[in-house]
Amino acid sequence: MDDASNWMWALDGWILAAGILCAVASSLLGNFLVLRRMSMLGDAVSHAVLPGLAAAFLITGSRQSFPMFLGAAVVGVLTAMLTQWIRNFGKVDEGASMGVVFTTLFSLGLVMIVQAADTVDLDPGCVLYGAIEFTPLDTVVVFGWDVPRVIVTLSIVTLVNLLFVVVGYKELKLTSFDPALADTMGLRSAWVHYTLMTLVAITAVASFESVGNILVVAMMVVPAAAASLLTNRLPWLIFSSAVIGALSAILGHLSAIHVPRMFGYASTSTAGMMALMAGLLFLLVMILSPSNGLLINFARRQHLAFSILGDDVLAFIYRHEEKKIDWPRTEQTLTRQWLQKQLLSSPIAMSLILFWYRASGQLDRHGESYVLTETGREAAALLVRSHRLWEQYLVDQAGMASDRIHGQAERLEHFTDRSFRDKLERETEFPVSDPHGSPIPAEISAKKSSPPGEPSNGNFMS
Amino acid sequence: MTSTLPLRIEDLTVAYHRKPVIWDVAFDVKPGSLVGVVGPNGAGKSTLLKACMDLIPVASGRVSIFGEPYKVNRHRVGYVPQRESVDWDFPVSALDVVTMGLYREIGWFRPVRKKHKQAARDAMEQVGLADLEGRQISQLSGGQQQRTFLARALVQDADLYFMDEPFAAVDAATEKAIVQILRGMKQQGKTAIVIHHDLQTVPEYFDHVVLLNMRVVANGPTEEVFTTENLQKTYGGRLTLLDQVTEAMRRRDKGE
Amino acid sequence: MTIIGNALNAITARGLVASIDYSEWTRVLLLEDYNTRLVVFATTLLGLSAGVIGSFTLLRKRALLGDALSHATLPGIGLAFLMAPTFGFEGKSLPVLLSGAAISGSVGMLAILVIRNLTKLKEDAALGIVLSVFFGGGLVLLGLAQQMPEGHAAGLESFIYGKTASIVAQDARWIFGAGTISLAVLVLLYKELKLLCFDDGFASSLGYPTVWLDFVLMAVVVLVTIVGLQAVGLVLMIALLVIPAASARFWTRSLYQMTMLAGSIGAISGMLGSMISGLAPRLPSGAMIVLTSAVFFLSSMLFGRQRGVVIQAIRRWTTRRRIDRRHVLRGIYELLETQTTRPEVSPVEATAGNWVGLNALQESRTWSNRRMLAEVNRLREQGLLRTRDHEAALTATGLLEARRLTREHRLWELYLITHADVAAERVDRDAERIEDCLEPVMIEELESLLEKAVAVGRVPISPHEIDMSTRLAEG
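Residue numbers (the numbering used here), protein chains in the order written: chain A, 1 to 462; chain B, 1001 to 1256; chain C, 2001 to 2475.
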């Protein structure tokens, strides 16, 4: 295949590795940033480290890793401290403090770089957007292998972050969840915060040369956010975010090679693509997540609305039958249209419900009208029983006025099961009718489902 | 002799921004007492608690915990904050939260061991949450959340407890559980200072009471201090509130 | 050695000064140069609009919204550039690019709202996601754009860096237009936005559609951002939206004053910053504008009349002084009261000149000896006390002051008792005089209550008597 042959492990493999390492390193820390509601800190820190880098370059006159990291770490802590200072003393909102600090530091860095443009060859664009495509070219020798320098630094940073998260797990957990308690226990939340900031700054710098600023920011927030929509358990959260991050890196790189070709271009920014893929994965999770996804929430709501409507239909027909006993001359036939109008539902919903009840044997259809079967009547009776018991309870115990109880009972009846009904009955001292005078149906025990030989539990009232 | 007092507050004045919020607050707490702190909204009750724990700075005065400043004896103090102080969406289980009370004992950067988890479980059982240990806290009801905090405080095995409105908006079962815990603590000789909002239950739950409205109106044994006159001084002319309380006191007098 | 020397040379004033041409100064400062005029005009205007808009976003606790939305405009710009030729437009024309920016900015806005409202994620996460994903998308599109046969997509980078120094008239016109529209919107919706910022729950209960108002605010941010972006770049835009507003906050509590001040600070920063950068080479104007505004911020934070750090420290210090003063004078007065045996006969007058042991004074409160003595000495220098050995006595002036303070204290105590339910809002013990806080009618009422209490022989108990008696009991 034409495309496959364009893939050179020597080149693409390293690019991929850089992306994956950056993703994993960032998402490990990113989880705690998101939990602490500091998601924007990644962006802030990655801008703010510029003066640190510039200082390192200016002083050492070279682009060696160690001074860069030192400069970045120092500025990272400085950013955190300045932000905290402004927040605490100036009582400025967190976001604004961050905004003030990082834009100022960035501008300072910019001035420094431009001033020293003659002395040192440093392109701000390179700092910010990286040049991942050049990653494989700058290598060092590790254990006899030719490894790009960037990979080595990224690997070390990833390991350090991993170590931090593992060893400091409970401290991170505690200070993120309840910093006040941490303080009263003698663990300075501030120290944990500064350490986290330092590592964020270092991770950002380590990634700059290869993937640039934007990927770090993306990987610190997006995988963690997506993971939080998938799981509610912290260890899984951390693991999933790393996986999602790595996946984004892989998909991003593949897309960066293949997608532009579809439009007639040669290639495009790999880092940008990786960030975009992370976003896409987030979108997928947001919609499809089995626990928190939009689809599932929608489905749940619909299901609930549906079952409530179904209950209403049964209860309505039951009450209609009651009235007919008292006033046999009522001629109204229970057609679908009439039910739909009375219960204010859409035609589709009503048709579905009626279909469902006929299929499950709770309703019979005689011509155009519907009647309850034996089973249907039992189910409806229980609903009406719940409703009327609630009405009695609300009047007796909650002292509600009798004109208000119907609305409440309407809502509550759908969530009242057998044991609840028994409790209600006891609380209201076994009433025979509700406050409006309507008779309360007797409890119908599940005769069919209780095993033979066992007595059925029912309170049969005469 | 004074060093055995769990809490001694002398001349405490705390100011926010410019305005003194509480001033000249002074009282002692004897070991084994259950002290209720009551007062109207904005009277400075939470401020008092936080000032005792060095969570906010103090303009003048002194707080002594077992004779020493808080910093020295902080390991003997447990804190049950208001429920609103944390984000209950956090991805941890109830057991996790309770175990947090042991982190200091476990030691920083050391792992949580089985025995710690077991201690946490025991505490959860004490508050009646035994079967909820694996439940994520976002799925707990208000009363269960409160009991989780309580279990966390128990597991700290402190000698002095500060509690900020533990009875606020909890169900009857949780309320009973909390009262039982408090009484158990008292039997063990522990002391609890509890911010409370429901005047009706003060005589039943607390043997000592502090009436606070920016300064201490009165403090001492509940029977002596919890009088209509003192309440009037604390709460002012809110009739409905007084009505409720006089009713409660009437009931108490009649031995109901 | 040379490396370091070079570096230092570059950044120290020596290096800067050596390259300044003084004749340039007059040209720049008097705005004789057309380009400089343009740049200064455009940045001043931008600073003004951004400052005003930023006040609202700051109060709404959404300071970094500008950050996220600025990044979100990038894909639109890239896409507009790529697709313009197919529709027959010139790829680099400003209206085309700006409409692209506006569309993707709006999409970004919607995305933020969706993520925030429909998932359990919080605001900061929504901002971070939109910022990074959209920007990534923008980089992808820019990457494609750079391969276009029309080439010169290089200009697109100005959206990220800005080309402050090379702003042209058209840019200035766009800025003017956008700024005017934004300010007009803000003026029209001023009272609604004010309510939204301070109490959105209340606003919503009044029936205001808070979501729409938020949307309008965000839209205004997008508008100003897109015109500002292509002129001054990303980081500067964010800075202008945040820093002037944050600075203004330290000076006033009134929204109106804050917006006026923020606009002014933004405008002045823009003006000064671009002028300074015109004076010396290699001082990027965008960066200089940010740094100028940062200086404003720092001074505001330290010295701002309303909430400046220094001011607050001074206030705390004066409060402590006041507290100590009261404690000493009132302490001595009360000690004198305990010495009199016939309270009905103008008690303290008789014993006014009596000496009071400083040890007794020390024990009446919890304070260090040092602190008490410092205050005693201060009072002596002010002529309110006389001291000898370990004792102090009130002078005539001292007596008057001590009596006033004790009376006020007792009035406050009575007020708290009689008006316990509203006390929290009304009481300000730090006030110099009780008359500053309570109405004269109220004070008269309290005074008569006080007299009754004294007449009945029930002088209100000061809290410290309890303290002393328990202490005596414990031995």
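It is possible that some hints are incorrect.
[What the hints assert, rightly or not] Partial list, derived from the structure: chain B residues whose beta carbon lies under 8 Å from chain A: (1) R1074; (2) S1085; (3) V1092; (4) R1104; (5) Q1136; (6) S1138; (7) Y1205.
Since the hints were derived computationally from the structure, they do not count as laboratory data. Here the structure is a predicted model, which means the values were calculated and not measured. C-beta atoms are modelled at their ideal positions from N, C-alpha and C, and glycine is treated no differently.
Cross-check of the supplied hints:
1. With its C-beta approaching chain A no nearer than about 6 Å, B/R1074 sits inside the 8 Å limit, and its interface hint holds.
2. Hint status for B/S1085 relative to chain A: holds, with the closest Cβ pair at about 6 Å, below 8 Å.
3. The closest approach between the C-beta of B/V1092 and any C-beta of chain A is roughly 6 Å, which is under the 8 Å cut-off, so the hint is satisfied.
4. The restraint placing B/R1104 at the interface with chain A holds, with a minimum CB-CB distance near 4 Å, inside the 8 Å limit.
5. Below 8 Å, beta-carbon pairs count as interface contacts, and B/Q1136 has one with chain A at about 5 Å; its hint therefore holds.
6. About 7 Å separates the beta-carbon of B/S1138 from the nearest beta-carbon of chain A, less than 8 Å, and the hint is met.
7. Because the beta carbon of B/Y1205 sits about 24 Å from the nearest beta carbon in chain A, more than 8 Å, this interface hint is broken.
Figure legend: structure checked against the earlier numbered hints; the only hint not met is number 7.
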